[in-house]
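Going down the list, the protein sequences come from chains A and B.
Read the first sequence against this note's numbering and you will find it ends at 672, with the numbers running on by one and no gaps.
Read the second sequence against this note's numbering and you will find it ends at 527, with the numbers running on by one and no gaps.
No wet-lab data here; the hints were simulated from the structure.
These numbers were taken from a predicted model, which means no experiment stands behind them.
For glycine and all other residues, C-beta sits at the position ideal for the given N, C-alpha and C.
Wrong hints could be hidden among the right ones.
Chain B stretches covered by chain A per the calculated footprint, using a threshold of three residues with CB under 8 Å from any CB of chain A [as the list claims (entries may be wrong)]:
#, segment
1, 367 to 377
2, 391 to 398
3, 407 to 416
4, 432 to 444
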Amino acid sequence: MSTTTFGWLILLFPLLGTVVIGLGWRVWRGTTAGWLGSLAIALAFASAVGALISLLGHSPDHRQLTSSLWRYDFTAGVDANLSILIDPLSVFMALVVSGVSTLIHVYSVSYLDSDRGLNRYFAYLNYFVFSMLLLILAANFVLLIVGWAFVGAASYLLISFWYRRTTATSAGIKAFVINVLGDVGLVLGTFFILRHTHTVDFLKTFAVAPHVFPHNSTDLVAGCLLLLVGAFAKSAQVPLHTWLPDAMEGPTPVSALIHAATMVTAGVYLIVRMHPLFEIATTAADVGAIVGCLTLLIAATIALVQTDIKRVIAYSTMSQIGYMVMGASIGAYSASLFHLMTHAFFKALLFMSAGSIIGAMAGEQSLDRMSGFRRSLPFTFACFLIGGLALSGVPPFSGWLSKDDIIGYLDNRGGGFLALGIAGYVGALMTGLYTFRMIFRAFFGEPCEEARELEGGHLAHHEAPYNPANGELEDTDVGFPGPSHHIAERDWRMRLPMATLALLALVGGLIQIPGVDNVISKFLAPTFAGSRLYGLRAGTGTDWLGLIVGAAIGLIGITIAFRIWVAQPGTATRMQQRLPALHRFLLRKWYFDELIDALVVRPAQWLGRFTGSVLEQGAIAGGITGGTTAAVRAASAAVRRAQTGFLRWYAALMLIGISGMALYFLISAA
Amino acid sequence: MTLSILIWVPLALALASALLPGRLAGRAAVVWSAVALAIAISFLARFSSGVAGLQFVTDDVWIASLGIHYKLGLDGLNVALVVLTTVIFLAATVWSAFRQWERPRTFYLHLGLAESAVLGAFCAQDLALFVAFFDLMLIPFYFLTGMWGGEQRVRATTKLVIYTLVGSLFMLVGAVATGVLASGQHHTHLTFVLSALHALPLSHSSQVWIFLCFAVAFLVKMPLVPFHGWLPDGYKAMPIPAIAVFSAILSKVAAYGFLRVVLPLFPYATVHFQTLMLIIALVSILWGTVVAMTTPDARMVVAYSSVAQLGFIVLGIFSLRTQGAQGALLQMVNHALVTAPLFFIIAALAARAGGSEKLADMGGIAFRAPVLATLFLIVTLATLAMPGSSNFIGEFMILLGVFNSKLAIAMVASVGVVGAAAYALRLYIRSMHNRVGPSVSSFEIRPGELLPLAGVAVVILVLAFYPQFGLQRSDATVTAEIGAVRLHSQSVYAQRGPTSNPPLTASAPQAAIGGTNSGSNTP
Chain A
3 MSTTTFGWLI LLFPLLGTVV IGLGWRVWRG TTAGWLGSLA IALAFASAVG ALISLLGHSP
63 DHRQLTSSLW RYDFTAGVDA NLSILIDPLS VFMALVVSGV STLIHVYSVS YLDSDRGLNR
123 YFAYLNYFVF SMLLLILAAN FVLLIVGWAF VGAASYLLIS FWYRRTTATS AGIKAFVINV
183 LGDVGLVLGT FFILRHTHTV DFLKTFAVAP HVFPHNSTDL VAGCLLLLVG AFAKSAQVPL
243 HTWLPDAMEG PTPVSALIHA ATMVTAGVYL IVRMHPLFEI ATTAADVGAI VGCLTLLIAA
303 TIALVQTDIK RVIAYSTMSQ IGYMVMGASI GAYSASLFHL MTHAFFKALL FMSAGSIIGA
363 MAGEQSLDRM SGFRRSLPFT FACFLIGGLA LSGVPPFSGW LSKDDIIGYL DNRGGGFLAL
423 GIAGYVGALM TGLYTFRMIF RAFFGEPCEE ARELEGGHLA HHEAPYNPAN GELEDTDVGF
483 PGPSHHIAER DWRMRLPMAT LALLALVGGL IQIPGVDNVI SKFLAPTFAG SRLYGLRAGT
543 GTDWLGLIVG AAIGLIGITI AFRIWVAQPG TATRMQQRLP ALHRFLLRKW YFDELIDALV
603 VRPAQWLGRF TGSVLEQGAI AGGITGGTTA AVRAASAAVR RAQTGFLRWY AALMLIGISG
663 MALYFLISAA
Chain B
5 MTLSILIWVP LALALASALL PGRLAGRAAV VWSAVALAIA ISFLARFSSG VAGLQFVTDD
65 VWIASLGIHY KLGLDGLNVA LVVLTTVIFL AATVWSAFRQ WERPRTFYLH LGLAESAVLG
125 AFCAQDLALF VAFFDLMLIP FYFLTGMWGG EQRVRATTKL VIYTLVGSLF MLVGAVATGV
185 LASGQHHTHL TFVLSALHAL PLSHSSQVWI FLCFAVAFLV KMPLVPFHGW LPDGYKAMPI
245 PAIAVFSAIL SKVAAYGFLR VVLPLFPYAT VHFQTLMLII ALVSILWGTV VAMTTPDARM
305 VVAYSSVAQL GFIVLGIFSL RTQGAQGALL QMVNHALVTA PLFFIIAALA ARAGGSEKLA
365 DMGGIAFRAP VLATLFLIVT LATLAMPGSS NFIGEFMILL GVFNSKLAIA MVASVGVVGA
425 AAYALRLYIR SMHNRVGPSV SSFEIRPGEL LPLAGVAVVI LVLAFYPQFG LQRSDATVTA
485 EIGAVRLHSQ SVYAQRGPTS NPPLTASAPQ AAIGGTNSGS NTP
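Chain A on its own, in the form it takes in the complex (with noise of 0.2 Å):
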């Protein structure tokens, strides 16, 4: 089979799944459905590791590699095909993508075994995995956005998932909303490159571009910032990553799977792809560093006092793309899409790690509540430790490796970017910090009631469920939470995949050890093979003193926060006491949805309102209807009796209209 097909046939497997179990929801019973759905995901897996074999095949030079099906938008200049492009990059995120996503179906499996909705839930992950698919594979700027969108439908239809739940369906019409703005931020990009380049693909694009675009060009710097829009949309980069908190409504896994290993880092594969453009328009590139930065910063600070378990990984995960959209904007491309692919292992594993708690404590999610699990959940405090050390940069841990892969390029290019190694530094610090906070709060301490109940053997669960978000009670027609909906830990289903991605973030590193073997950069290096930016390296050893550095500093984090939570308890209280206004200003997460909500949300209601009454029944009902009936009856009057009736007057106007047609050209041809 050529490459290619084996590039179809990563797309087809999860299509033809989400086809076969969305059509057959009311055939496949018990797990059925989610079996199939991780047998199409295994599939797109095992084509994925075909196209790397196949692609290996080819001599470096001829490794990017297109297939289209049909044109698909073929008109006035536009010259979009249905077609994909195969080369190194969408290879690599291809095998993270589906790789990972195999696990997670696996692991869904379990956690949503008693879930009303099971087929629906199946039906909706497959599309997902589809459209992250398209996403990637993609070979011009509209499939691109066709791939861009569906993941945001994807990623709305899994929040909203339990859909009898306000706080559910508020978010997902919040994530879907910001994602659309990302979308039409794409396409205008689009259209900026698209009015000079003349072409929509890719390959073409890429080629053509330093020809028609000089150093910088206005133009360009506009569609590159509006590309960036697109990034920071659905990658969740300030000020749009409002929705990625509030999307942790979803299901656990869900959460794992797009709103940490997959969907989110789309922004940086987006900025990875656009890179000969980025390397043009320089502006924009220190844009995106200059973001990626603030935002590693700011999510790092607010991931430091959030109690909602899920909410401070969510923190952590827009931190540590912050960190890949820097790198990836300045050039350390080889380093951002490693950092992608530990960080897609050990996130997803804390995810399903604190997915394990969760079922324990019965759905609640507050680590005000939880303490002491580390004997009642060994299994899971062993993997939530492995995600948290690689998380926080220890060797040998893979995140150890990534992030300073990526610092290191930072420090190296030197001057400003200096600059944003050392934010990288201080973001790595606060790394540590809030995620053995995590750590020593959940699994540390006296055992709360739900450890001690489930040391005794068995699960914790209410009599009534409630919605830990808002008090409602919730509604278990749609599926949650079923009684035996909290299995923490026990089933070989959950164990199997958190095993396999505690392992990966372990080794997962060693492929890419400066010095000793750089799989990553060197695989990579047919992709970027025009880039002035991939092959500017520190020397070895250079590269290994930032990895000591990073090191020390993941440890220093780590120290701290065990004095703070463990060894003094009750300083975190002390600190708060002294610092209100800071602890205030971090819990409201620096105010952004506050002032989403005044300067877009309630304007655009308030225009609403006024439009709707104000105008609608003053200007256009008062005015122009009001003025053109009173017109036509003054003018119908002349020609009725006493008589109404509607048809009536029309019948007379066109009487008329057709005399005077008449008249017209009676006198005008004499």
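Starting from the known structure of chain A, fit chain B onto it as the hints suggest.
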């Protein structure tokens, strides 16, 4: 087979089936609308995509002394719309056939007359014939609203009659003036045939006021802001099949009128009023969007979303770019394919929410109606022009056209794209999701709801995979027409410039159609 058969089959068969007993009227209507669809498809199959000019022309003298011909023809502008009309009418008659109507034979006879008139308006290649069909197609809707409408139908019908009547009179005046002045200014015989008028360009001053006459008629019919005064009452009062057809098809006749009549015959005025028309379209987009986002009535969400969508269509037409016009034509099809099912869905929602169409009375309907929820979701996502739907390609091309001619307007219009996501999802979530509403008793979709909905949904899905199907058929005609408008207006200015205008203003119209924009993709 001539186009005459296509046009008159619905009316003829509807008349014939009026002889049948009333209880068979619904089934007979399904048969005649299916026959019309089959005939339309046969024309589509025989249509050659690469040809810019008219195909399947029928040309007979109708009123010799006035130079009025009975001339019909298909080209890239109307071929898709003709097929679309028959699809939507079939969906509407299927929907109606599952329900009981008072005086069913008259009801279906009006639908048949409406379909014939609409098809006639789309196929007409003579200005007087177009006007005749345009006015004819309104008459059945007055009766459908007045006799089978909801509450306040008298008030709604009055408003509808007055508005469309005023619009029609403007158009009548404009049409007569076009024929008379064209022959007068060129000293030829009186003619109303469009291709002949095309060769007899009017003086600029005549073009300007005649343009305004046609514009008022078309803008009232769509409607766009501020000509939409009849819309709230009219949409609320019409029975579901009538409103589905009206919103899906009749509004498109008006938009099509711009492409068929206004752009080719009044190129100078088109360029002259480009900015005005773009601003009207832009205001409609924003106005429709914000009202749709806040109105408490489900039907009004769809009504005002139509205002916004038609704003996009006019935006595309008056970008005066091939991309924009291509997008506008595709979007006419796309919008019809989502708005008609949305009205069917609203009927289905009301049936589950105790008869109310208020969003506050709905909620949580999805649980016992998963098929309805899925179909509604597909239509919702298409409505908000999610990439991957054909609607997205339509909007993409429209915005690209506007972007290439007036960048700032494209930027502002894209706010409407984001707003569409907000109002479409609001409608979906408030009705299908959240807590179960007070008077809601949900049940699974019934055959009478499923058939028309699923049929149209299949067309939406097929077009989503292959929007090129529509684009390639209109490509040649649109390219020729837009090219002619731009070439004509440019050559006029080039001739007139040095003598009658100072040099500065001579170059201004060039800028007005984007002549200074070097990045145009139009050949």
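Here's how the hints hold up against the structure:
Coverage of the segment 367 to 377 of chain B by chain A holds. Counting CB-CB distances below 8 Å, 4 residues qualify, and the rule asks for three or more. Judged by the Cβ-Cβ criterion of 8 Å, the segment 391 to 398 of chain B is covered by chain A as claimed, because 4 of its residues qualify and three suffice. For the segment 407 to 416 of chain B, the proposed coverage by chain A is satisfied: 4 residues have a C-beta within less than 8 Å of a C-beta in that chain, meeting the threshold of three. Counting residues of the segment 432 to 444 of chain B whose C-beta lies closer than 8 Å to any C-beta of chain A gives 6; at least three are required, and the coverage claim holds.
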